[in-house]
Amino acid sequence: MNIAVFIKASLNLNLIKVESSGIINTEETPLTISEYDKNALEEGIRIKEKLGGKVAIFSALTYGPITKRQADYERIIREALAMGADEAHIILDEKLINATTFEASLALAHLTKKVGMFDIYITGEASMDTSSYQFPSRLSSLLNIPVVTFVRKTDIQGKDILLYRDLEEEIQIIKAKLPVIISVTGEINQPRLPTLKQILQSKTKPIFKYNLTDIDIPKINLGREIKILPVSRKNIFIEGKNLEEVSEKLIDYLFKEGVVKL
Amino acid sequence: MSGIIVFSSKIKYINDALPLAYLLKEKEEIIGVSCYEKNLEEIANNGFDVFYYSETEILNDQWYEILINIANEIKPKYLIAPSSKDNIEILARIASKLGYPMVTDVSNLEKTNDTLIFHKPVLGGRATAIFKIQKDINLAITVPLRKFKYEAISTKAKILKIEKIPVSQFQIIGKEEKKKSAVKIEEADIVIGVGRGFKAKEDLKLAFDLAEVLNAQVGCSRPIAADYKWLPDDVWIGISNKSIRPKLYIAVGISGAPQHVSSVTDSKVIVAINNDKNAPIFKYADYCIVADLYQFLPILTEKLRKFKKS
Numbered sequence: 038m039n040i041a042v043f044i045k046a047s048l049n050l051n052l053i054k055v056e057s058s059g060i061i062n063t064e065e066t067p068l069t070i071s072e073y074d075k076n077a078l079e080e081g082i083r084i085k086e087k088l089g090g091k092v093a094i095f096s097a098l099t100y101g102p103i104t105k106r107q108a109d110y111e112r113i114i115r116e117a118l119a120m121g122a123d124e125a126h127i128i129l130d131e132k133l134i135n136a137t138t139f140e141a142s143l144a145l146a147h148l149t150k151k152v153g154m155f156d157i158y159i160t161g162e163a164s165m166d167t168s169s170y171q172f173p174s175r176l177s178s179l180l181n182i183p184v185v186t187f188v189r190k191t192d193i194q195g196k197d198i199l200l201y202r203d204l205e206e207e208i209q210i211i212k213a214k215l216p217v218i219i220s221v222t223g224e225i226n227q228p229r230l231p232t233l234k235q236i237l238q239s240k241t242k243p244i245f246k247y248n249l250t251d252i253d254i255p256k257i258n259l260g261r262e263i264k265i266l267p268v269s270r271k272n273i274f275i276e277g278k279n280l281e282e283v284s285e286k287l288i289d290y291l292f293k294e295g296v297v298k299l
Numbered sequence: 140m141s142g143i144i145v146f147s148s149k150i151k152y153i154n155d156a157l158p159l160a161y162l163l164k165e166k167e168e169i170i171g172v173s174c175y176e177k178n179l180e181e182i183a184n185n186g187f188d189v190f191y192y193s194e195t196e197i198l199n200d201q202w203y204e205i206l207i208n209i210a211n212e213i214k215p216k217y218l219i220a221p222s223s224k225d226n227i228e229i230l231a232r233i234a235s236k237l238g239y240p241m242v243t244d245v246s247n248l249e250k251t252n253d254t255l256i257f258h259k260p261v262l263g264g265r266a267t268a269i270f271k272i273q274k275d276i277n278l279a280i281t282v283p284l285r286k287f288k289y290e291a292i293s294t295k296a297k298i299l300k301i302e303k304i305p306v307s308q309f310q311i312i313g314k315e316e317k318k319k320s321a322v323k324i325e326e327a328d329i330v331i332g333v334g335r336g337f338k339a340k341e342d343l344k345l346a347f348d349l350a351e352v353l354n355a356q357v358g359c360s361r362p363i364a365a366d367y368k369w370l371p372d373d374v375w376i377g378i379s380n381k382s383i384r385p386k387l388y389i390a391v392g393i394s395g396a397p398q399h400v401s402s403v404t405d406s407k408v409i410v411a412i413n414n415d416k417n418a419p420i421f422k423y424a425d426y427c428i429v430a431d432l433y434q435f436l437p438i439l440t441e442k443l444r445k446f447k448k449s
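Going line by line, the protein sequences match chains A and B. Under this note's numbering, read the first sequence as residues 38 to 299, first letter to last. Under this note's numbering, read the second sequence as residues 140 to 449, first letter to last.
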């Protein structure tokens, strides 16, 4: 089984740097593997462990500047390799900095095609930082391979795969033929933590680096302006000499806000 | 005349996308695409100029083929869908095929002479991304369910049945209905969220008592539904399951994982009660109370009861 797993280096939501002016400083915020992409990788590794084959990681850096970010980014890719992937293919190109799913999917589809054919393409349901949910569908359209999203269980049976989709009101069980692109939910598995031995071994696994020219995309035009502003909350800590007083103060605030009617 | 396609694989969500279509509409026709329901004519005549319907519910890849055919004919300025999971999958695939950028889960729209400014929650609800897009760019957009207020606009729709349904590459071999509770937390004005701070299922009574006085509904974070199964999935508040936008959200014993925070960020007022003063949830709350929920909830409930009586 030839397995491709797509990983986003997302902003680490637990370490977001906010300037004193209140603006989020994305350049100073460290990166981490996007949460559900870890589930995608875990699922890919489990399929490999059961049926044999290879897991290749695909990723593109979308946060800059590259000179400052590259070490942090490669640390993340090494972490993914340590979990059990065999090789990584990554795109580092200034033109992809601040790219949205629109441009990133185009670059990653080109790269995947260049590397080869896979039986199953796995990604998380959405990235945890920008949550666009578009990547699996865009990849499907660009590679012309069917897509099944929001999968919380997989079961490969020969050339067929059973996919349990977690929808709003039901679990829908779909039978698809390989190759297929799937996106997985956080409920599909519990991603493993690599052992020290695996971390050491990951240093010998190959990371192949590309820029957009290498994968035959000469020009990418980021035609949109995007600003990110933090949501502000009041953050009032209510204190009092006892919990009765705290309760009374809270109730008072809620009445003033007009959100409670008794 | 160019058009705006408003699509939903399930017709019951389609009106959720209509308000945004009217905000964007200049001269375009509004073209609905969905599946049959017995009051189809009434739905179609409440805002649509044309309405294409499939006689039965069909699979996502079949919708994709059908919508591509319609889009090739109409060359839509905008493709808009309510953010159900199926709709997002279908719309993103079409957007890619047509070369349209797409903005998912638009929470607000402003217009200037030559640009559209979309707001969308990002960074797990900690921030809003503001997309400034030139008006001449074609776009796909999804809108959270129940986000924009729908008001019926009377139209006389041309209703067309989709005759040619393409063959699916998939086969549905089963469905498991999710266990449902009697309540809909998405529609509640006040929601109380319970998390891992509760030590046993019986203890949730403390939250239900408070809910009764406030006329609120009780929802939960991931461990309560997924790991402990103390409450059904349909009251689980989290990114892959459910977003809510009540007037008041009270997070009790919830640490504040990103998926949870991003799903409650549209609440007007957020109160957090947690015994750990470093719990991340406090960063996203308006009113923060560092206290043991086992001591605090009964006192708060009792005080509210007294207010109610007086």
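Don't read these hints as lab results, they were simulated from the structure. We put the beta carbon where it would ideally sit given N, CA and C, even for glycine. Possibly wrong hints are sitting among the right ones.
To be verified - Below 27 Å or equal to it, Euclidean Cα-Cα: the simulated DSS-like pairs (lysine-lysine) are:
hint	chain 1	residue 1	chain 2	residue 2
1	B	K236	A	K298
2	B	K314	A	K190
3	A	K256	B	K236
4	B	K236	A	K293
5	A	K190	B	K318
6	A	K271	B	K286
7	A	K271	B	K416
8	B	K286	A	K278
As the list claims (entries may be wrong) - Computed spacing ranges between beta-carbons, pair by pair:
hint	chain 1	residue 1	chain 2	residue 2	range
9	A	E86	B	N252	18 to 28 Å
10	A	Q107	B	N417	40 to 50 Å
11	A	P67	B	K416	41 to 51 Å
12	A	I273	B	D431	12 to 22 Å
13	B	K271	A	Q107	46 to 56 Å
14	A	S57	B	T294	29 to 39 Å
15	B	W369	A	E86	15 to 25 Å
16	B	I292	A	L52	42 to 52 Å
17	A	L52	B	K448	45 to 55 Å
Status of the hints after comparison with the structure:
1. B:K236 / A:K298: Judged against 27 Å, a Cα distance of about 50 Å means the pair is violated.
2. B:K314 / A:K190: 13 Å, holds
3. A:K256 / B:K236: Roughly 19 Å separates the two Cα atoms, so the pair holds.
4. B:K236 / A:K293: 51 Å, violated
5. A:K190 / B:K318: 18 Å, holds
6. A:K271 / B:K286: Holds - the C-alpha atoms of K286 of chain B and K271 of chain A are around 23 Å apart, at most 27 Å.
7. A:K271 / B:K416: 16 Å, holds
8. B:K286 / A:K278: Violated: K286 of chain B and K278 of chain A sit about 41 Å apart, past 27 Å.
9. A:E86 / B:N252: 18 to 28 Å: 58 Å, violated
10. A:Q107 / B:N417: 40 to 50 Å: Taking Cβ atoms as reference, Q107 of chain A and N417 of chain B lie about 32 Å apart, which means the hint is violated.
11. A:P67 / B:K416: 41 to 51 Å: 24 Å, violated
12. A:I273 / B:D431: 12 to 22 Å: Holds, since I273 of chain A and D431 of chain B (Cβ atoms, about 20 Å apart) stay within the stated range.
13. B:K271 / A:Q107: 46 to 56 Å: Because 29 Å falls outside the window, the suggested range is violated.
14. A:S57 / B:T294: 29 to 39 Å: Roughly 52 Å apart at Cβ, these two residues miss the hinted range, so it is violated.
15. B:W369 / A:E86: 15 to 25 Å: Given about 33 Å between the Cβ atoms, the range is violated.
16. B:I292 / A:L52: 42 to 52 Å: 47 Å, holds
17. A:L52 / B:K448: 45 to 55 Å: 48 Å, holds
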